[in-house]
Amino acid sequence: MSSAVTTQELTLVEGVRDALAVEMGRDERVMVLGEDVGENGGVFRATEGLYEEFGEERVVDTPLAESGIVGSAIGLAMSGMRPVAEMQFSGFSYPAFDQLVSHASRIRYRSKGQYTCPLVVRMPYGAGIHAPEHHSESKEAFFAHEPGLDVVIPSTPADAKGLLSSAIRDPDPVIVMEPKRIYRSFRGPVPDGEYTVPIGEANVRREGADVSVFTWGAMCEPALGAAEELAGDVEVEVVDLRSLSPLDVETVTESVKKTGRAVVVHEAPMSGGFGGELAATIQEEALFYLEAPIERVTGLDTHVPLHALEDFYLPNAARIVDAVESTMRV
Amino acid sequence: MSSLPDPLASIDHDRPDSDVYRVLDRDGSVLPSASVPDLTDDELRSMYEDVRLARRFDERMISLQRQGRISTYAPMTGQEGAQVASGYALDGDDWVFPTYREHALKYVHGMDLTALLLPLRGHRDGYAIPDDVNVLPEYIPIATQLPQAMGFAWGKELQGETDTVAMCHFGDGATSEGDFHEGMNFAGVFDAPVVFVCNNNQWAISVPRERQTASETIAQKADAYGIDGVRVDGTDPLAVYQVAREAVLKAKCPSADELRPSLLEVVLYRFGAHTTADDPSQYRDEEEAERWRRWDPVNRLERFLYETGRLDSETQSAIEDRVEEQLSAAIEEAEAAEADVSELAEHLREEPPERLEAQLAELESIRERYGEEAFRHS
Ligand SMILES: Cc1ncc(C[n+]2csc(CCOP(=O)(O)OP(=O)(O)O)c2C)c(N)n1
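Chains as they are written, first to last, in this note's numbering: chain A, 1 to 330; chain B, 1001 to 1378.
No lab work stands behind these hints: they were computed from the structure.
Just so you know, even glycine gets a beta-carbon here, dropped at the ideal spot from N, CA and C.
Just to be clear, a hint being listed does not mean it is correct.
Have a look at the derived ranges for each label pair, beta carbon to beta carbon [what the hints assert, rightly or not]:
1) A/Ser326 x B/Glu1286: 55 to 65 angstroms
2) B/Glu1354 x A/Glu53: 51 to 61 angstroms
3) A/Ala280 x B/Glu1286: 26 to 36 angstroms
4) A/Gly75 x B/Ala1361: 26 to 36 angstroms
5) B/Glu1354 x A/Pro293: 13 to 23 angstroms
6) A/Glu53 x B/Gly1068: 50 to 60 angstroms
7) A/Glu57 x B/Glu1354: 28 to 38 angstroms
8) B/Ala1361 x A/Glu57: 51 to 61 angstroms
9) B/Ala1329 x A/Glu57: 46 to 56 angstroms
Generate coordinates for the entire structure from the input sequences, incorporating the hints supplied.
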């Protein structure tokens, strides 16, 4: 960061809000729509103050209908607007799934480039806040599986601002999944004014020579915690992917070539999760550099339980330490 | 949008254009044009006791949530009269498809109080449907229960159970979802014995009813699907009972020219917050809530019972005592419940997936080596 850049200490959700405010100020076509995003400022306060600042035509409380929100946002995007749609929780995005995977992802493709879909869909996701049923899902693999959709996930306040700003400027549809467990759990420096983080670039959050831990979103915290615990014995490199689609294959491969060992951490269930995709990519690109099998530390192959057992569902630093140690034993 | 009628005005019986069915006046007296539904004195008193219990349940839950003893809770104050009364309209074999707010409805249809509390304590146990209680677990994704309730009612009928009705509750916000339209449409087409109950409490979190639909009423939406739509004063338990009972009876035994399904628009107001995580002062006028509080369903039923000699202060204080005892016992029981990690794998499939069992075994070994503390995230 150049010394001319001034920063503010913000939470992750404030980083989101800042991106929306800056981008709406920069480009009149940018508008926000969703449930409770207006006067109420969003149930997580991600749109707080935007309604007062930009008015009801650009910050729109819609009827309670996710398919309607995303479908109309697709239409708005095709017409030349730059809609940012909010799904109140990712667990409620499924009525809109059809619009996303049947349409948003393939408008450019179907129209042979004549029409595009510069749409952003934001959604808080993930467990760990003792929420009711359906409020804790981590289904990023659903969206990352769909060609034509970008999927980004910030883990720091600065990335929350930078990735969302890039998503808004992107000419194609981008899903921004926001780890709500860390919405307010810490503050970090966020550059003032216009600030973007390129989509498709992973972030090495801690350098290390012995094992690479690949992760994203709220799982960066236990991964960094495990790295800290092991420091001295094992030097762990923690790579925050930030973007699942497109995936930064180069950073992933370079890290594995350096360390020779890989652990993938995500809170979604293991089977069919994005960790499998990552493991396959590593084998394709760096098999002969691997000194141990790739380990996965993930959520369980079950639904996120109600909160009495939630802590047992989520990966934690102990499980990551254990996986790292087991790759080191090989 | 401003041309739409003020919902409060439309429940004001002084207005000649009011199309909202009601039995009781605001002060609990029976309107000259109405008659008291066919319920015994004991049934009326027990309806009152359940409504009182619901009000106290709400007060206790909000306080438990503030003390961190339960998770997010959706209050029902202002809506408990309609919940209890619509439950009273059902027969024991009928089925209930509730939302996250229908605590009192579930209770009157047979769930015990502890079961209502368990999910709020983070346990799945309270979702289980006891053998003799026909109540589905709360539906949290909005409007998803409508097509399901329709299909359930249809399925029972196809299997020869022609005397079973599914009653499906939802809010005004739910009427915007595609599932609302699909459920209503199927119900009409397949003539399923289902009663849709829209609790129009005027707000979907911060979004007012006018933002959900430009149609004048929600009941009129039934026309589009060829089924009956009725508006009823949801702060009048006797009116809700009457209308819901008629809908249930028609669903079971329609006359030749009638279809079984109905849509009831229950016009009322959520007096408090959407959930304990919500702050209504962000988006609505406290004055509006105050005006609606004059139509408090608990007071109205209570006044009616006193005025007609069905309740006295002695009986009432016995009721209060029972309510407090029942609540305290249920809270104590729910707080004693403990969860076991093995439950994570239970009931996912008939046979637990092998991979999940292996994951649990690994978890157990981590727990042995690193201790329980390693699992504390928050
Ligand atoms: C499909 C879906 N989208 C969003 C939500 C988040 N949410 C929970 S309650 C609610 C408002 C519901 O309003 P309404 O249907 O009127 O019912 P009420 O809560 O007022 O009884 C919203 C948007 C959800 N639970 N499900």
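Going down the list of hints, with the structure as the test:
| no. | hint | result |
| --- | --- | --- |
| 1 | A/Ser326 x B/Glu1286: 55 to 65 angstroms | holds, 59 angstroms |
| 2 | B/Glu1354 x A/Glu53: 51 to 61 angstroms | holds, 54 angstroms |
| 3 | A/Ala280 x B/Glu1286: 26 to 36 angstroms | violated, 57 angstroms |
| 4 | A/Gly75 x B/Ala1361: 26 to 36 angstroms | violated, 50 angstroms |
| 5 | B/Glu1354 x A/Pro293: 13 to 23 angstroms | holds, 19 angstroms |
| 6 | A/Glu53 x B/Gly1068: 50 to 60 angstroms | violated, 35 angstroms |
| 7 | A/Glu57 x B/Glu1354: 28 to 38 angstroms | violated, 55 angstroms |
| 8 | B/Ala1361 x A/Glu57: 51 to 61 angstroms | holds, 56 angstroms |
| 9 | B/Ala1329 x A/Glu57: 46 to 56 angstroms | holds, 54 angstroms |
This entry does not satisfy hints 3, 4, 6 and 7, going by the numbered hints stated previously.
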